[in-house]
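Q: Read top to bottom, the protein sequences are chains D and W. Counting from 1, one number per residue, gives the positions in the first sequence under the working numbering. Counting from 1, one number per residue, gives the positions in the second sequence under the working numbering.
Derived by calculation from the structure, the hints in this document are not laboratory data. Some hints here could point you the wrong way.
Said to hold, decoys possible - Simulated pairs of lysine to any residue, SDA-like, Cα-Cα distance not exceeding 25 Å:
#1 W:330 with W:355
#2 D:170 with W:317
#3 D:170 with W:8
#4 D:170 with W:374
#5 W:364 with W:347
#6 W:248 with W:82
#7 W:269 with D:102
#8 D:170 with W:291
#9 D:170 with W:16
#10 W:248 with W:203
#11 W:248 with W:218
#12 W:269 with D:105
#13 D:170 with W:287
#14 W:269 with D:100
#15 W:269 with D:99
#16 D:170 with W:280
#17 W:248 with D:105
Fair warning: this is a prediction, and the values are worked out from it, not measured in the lab.
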Amino acid sequence: MQGTATNPGDEALVRQTLAGDHDAFGRLVAGHARTVRALCLARLGFHQDLDDLVQETFVHAYQGLDRLREPGRFAAYLARIAQNLCVDRLRRAGRAGQTLDVVEFDPPAPHDPGPDPDRLALLRRHIGRLPEALREAVLLFYFEQRSYAEIAGGLGITEAAVNQRLHRAKAALREALGEVEP
Amino acid sequence: MTLDDRIREALAPLRGDPERDAARVLAAIRNLPAPHAAPPPVRTRWWPVLVAAAAGLLAGWLLHRPEPAPPAPGPEEGPRLLACTGPIEAFSAARKGGDTLLPGAGFRIGDTVFAQERAQGELELGQGRLLRLDSASEVTTAPEAIEFVRGRAIALASAVPLRVRTGGVEATVLRGAAAFTRAGEATRVLVLRGQLRLRGADGRELELDEHQGIEVTAGAFDRPYTQALPEMSVAWQAELLAVAGREKELAVLLERLYLAALLPPVDGKALHALRQLGSGAMPRLAALLRTMHKNPLDPQRVAIAGVIADHCDLRALDALFALLPDPSPKVRLLVYRALVRLTGDDGGIEERDVETMDEERLRKVAAAWAESVR
Chain D
1 MQGTATNPGD
11 EALVRQTLAG
21 DHDAFGRLVA
31 GHARTVRALC
41 LARLGFHQDL
51 DDLVQETFVH
61 AYQGLDRLRE
71 PGRFAAYLAR
81 IAQNLCVDRL
91 RRAGRAGQTL
101 DVVEFDPPAP
111 HDPGPDPDRL
121 ALLRRHIGRL
131 PEALREAVLL
141 FYFEQRSYAE
151 IAGGLGITEA
161 AVNQRLHRAK
171 AALREALGEV
181 EP
Chain W
1 MTLDDRIREA
11 LAPLRGDPER
21 DAARVLAAIR
31 NLPAPHAAPP
41 PVRTRWWPVL
51 VAAAAGLLAG
61 WLLHRPEPAP
71 PAPGPEEGPR
81 LLACTGPIEA
91 FSAARKGGDT
101 LLPGAGFRIG
111 DTVFAQERAQ
121 GELELGQGRL
131 LRLDSASEVT
141 TAPEAIEFVR
151 GRAIALASAV
161 PLRVRTGGVE
171 ATVLRGAAAF
181 TRAGEATRVL
191 VLRGQLRLRG
201 ADGRELELDE
211 HQGIEVTAGA
221 FDRPYTQALP
231 EMSVAWQAEL
241 LAVAGREKEL
251 AVLLERLYLA
261 ALLPPVDGKA
271 LHALRQLGSG
281 AMPRLAALLR
291 TMHKNPLDPQ
301 RVAIAGVIAD
311 HCDLRALDAL
321 FALLPDPSPK
331 VRLLVYRALV
341 RLTGDDGGIE
351 ERDVETMDEE
361 RLRKVAAAWA
371 ESVR
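Here chain W stands alone, though its shape is the one from the complex:
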């Protein structure tokens, strides 16, 4: 059975029955008020009215002539989507529904911006202020502040502060970056770098510095929240950083998480964060594994290799071939299995030989294998 036939067969149960759909809809609309065709327009002699109105407007304008208005901002000056890994929607009453934004597309102040599942987006809000939105997350823009509605987001400000309202409080990122996490009515705010000022519903103010955080609910400060390695809370942005071309920021994020994964007692949490990096970060992680701390007996290196093997995709092929002649037999085995999965080939060697083969020979095998799949 061909793949085409199997796709048709797999989709067949979803085709539904249009007649049954029609019966269900007719039953649903039975008790609704019926729509009616709009009555034909009444023919009115409009021109005397229009002439009088135009004369009135002209007279009013001559009497109260306004100052020339400043030019309207161009699309490049308004808020816009800078980069995304999947569909980002902007919608509002003014738009009469939603629009999927493409990178570079502008949106209006007042729009709600929503990242679909498996999509992340970086929004430019002007004056050097950025907002990164994780999947299934949502914000509403307003002239004064961003309203963070759900999910995970990172707010970044440099020269001009960025105000974010959430959970009944207002957080002003004075400079640097802060992470926001919202679940139900509770919000967690964590300063990644720089400084943030928080104002509660009762007017109470609080300043938070780097690595300090707080949980808030219904406008009140609930409890402090600290995170020894804030990168663990924002590992999710790796794919977005890669797509947006923010190489330096991505390198720092990966390196800090990588080093944390090698060091107990935070290694478990850091490994967990590494799993959230996404497939796009795996080639860079493999490069770190290849070049840093090559102790073949280190079990943490093996654990990191396991993360790479589980989460890599075809983009990591070159990095995996380079990693195959690793000093650690366990790392080699994990890399070999990932290569077999991705290439559908075994490179001419059997699994049992991978652990014992000397590094030089394995390097030649990797080079030939890489050549065969190009």
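Chain D with its partners taken away, still in its complex shape:
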């Protein structure tokens, strides 16, 4: 979630990191790792190398920290880096190693869930295939455990819109799982 507000705690930790305190950066990582993880999940679906992507985001953030003009806006800075890395992954992942005939006539079928006996893994896969706006709402609410107000504030939408996105996401998941709404 792209935060817009400044955070005095982050500001102090950024300044300590710039003064050479590695542990301060460790505290920044611990404080923001879950958000970065949720952001990457929302952007990429469920990716095999999520841990690596989270690590890469923070390493990039560290390397460019001296160019961060407003240290209190570390969260927004981090979200931008994560977003760019996700786009880069998406670009590199597309159609690698395929032949012309495969690309022309047999594109990947992302809607096919494939056999999976594990109901939770199947549910996870369906969450990964939700439209991005719905997936983002699901991850922020269930994964990051944010309130409606926090999600609404972060995404710049109303709480009613958050409620609607979650409702639509659950309806889509029920349909994908072949369940009827109770």
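Given the structure of chain D, go ahead and fit chain W onto it with the hints provided.
A: This is chain W only, laid out in the frame that chain D set:
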């Protein structure tokens, strides 16, 4: 267990451990050069310098006064995204990263435009020129030509030609439309309609007419490529055409593929193309099945009904209800199963009765079933 609980449980393994993340990151940055806080700005008396510079600039301007510049093009005149079925990204060094484009949003010449998985986009490049980009496909824009990087794209030109560079060659769509497919270093170019001129890295030129194609690698013309029904190569654009409101083009695409699916020997390939149309095209395909060539014994009709049943979503409900009283018992069965899957209801009839029930009675069942789910 409620769906909320199951979602939480399903996502729990992905939450990770922030402390472990911190340890991994600290280990990774241990040997990197440490960033340093920027030194405080040096206070300089700038005003004498600024005054002198301004005086110099004013004198220079008076001596070499330029002609008034033409007005800058408005956003509606530059390249922009016309329609999309999912996230389309534009990024460049100038943007300092990527932006997700919404329909109507402009982008800069020089930007790389990328369609994510399950997303397709139609780009307007000015002077009636369009570019359709399939999912996981990418182009880089430039003042003179588009650089087609990967995936599948369709370039369209009318009055002004559109130049596309790919695989070391330059393809100029003189008029009409051409499909581009790229895998690794190889690119396939196929003229859908109109005419295209191709220039290789060695300066050799080639003109291609409708339905003619070629494969190129590293700037050289490899081998000719022909496609009896070019629509099979571009079936993927159906969802995008539906979203963009290009009804006429979509109708022609569907009708040609539908008719090809009924006619051997290309029926297998055409059926394969029908499967790529996407859910958004299924209502229209069901309408074609209902109104054209209603031979109940035709196995190809059953095969097409199978495609519709497998790929339809809730948008196809009305078309499926209309198709349920089909003369073919096998088509009815497929449609019935799709309706059960989509509505979670059986309409008050059992599967074994669907094949034998007379058409009039089935029509009444369909009407009542449709009413019950509205």
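Q: Compare the structure with each hint and give your call.
A: Taking the hints in turn, this is what the structure says about them:
1. W:330 with W:355: 7 Å, holds
2. D:170 with W:317: 21 Å, holds
3. D:170 with W:8: 12 Å, holds
4. D:170 with W:374: 20 Å, holds
5. W:364 with W:347: Measuring from Cα to Cα gives roughly 11 Å; hence the hint holds.
6. W:248 with W:82: 17 Å, holds
7. W:269 with D:102: Roughly 13 Å separates the two Cα atoms, so the pair holds.
8. D:170 with W:291: Given pair residue 170 of chain D, residue 291 of chain W is violated - Cα atoms ~37 Å apart, limit 25 Å.
9. D:170 with W:16: Given that 25 Å is the threshold and the Cα spacing comes to 24 Å, the pair holds.
10. W:248 with W:203: Roughly 39 Å between the alpha carbons, so the hint for residue 248 of chain W and residue 203 of chain W is violated.
11. W:248 with W:218: 37 Å, violated
12. W:269 with D:105: 9 Å, holds
13. D:170 with W:287: 31 Å, violated
14. W:269 with D:100: 16 Å, holds
15. W:269 with D:99: Roughly 17 Å between the alpha carbons, so the hint for residue 269 of chain W and residue 99 of chain D holds.
16. D:170 with W:280: 21 Å, holds
17. W:248 with D:105: 23 Å, holds
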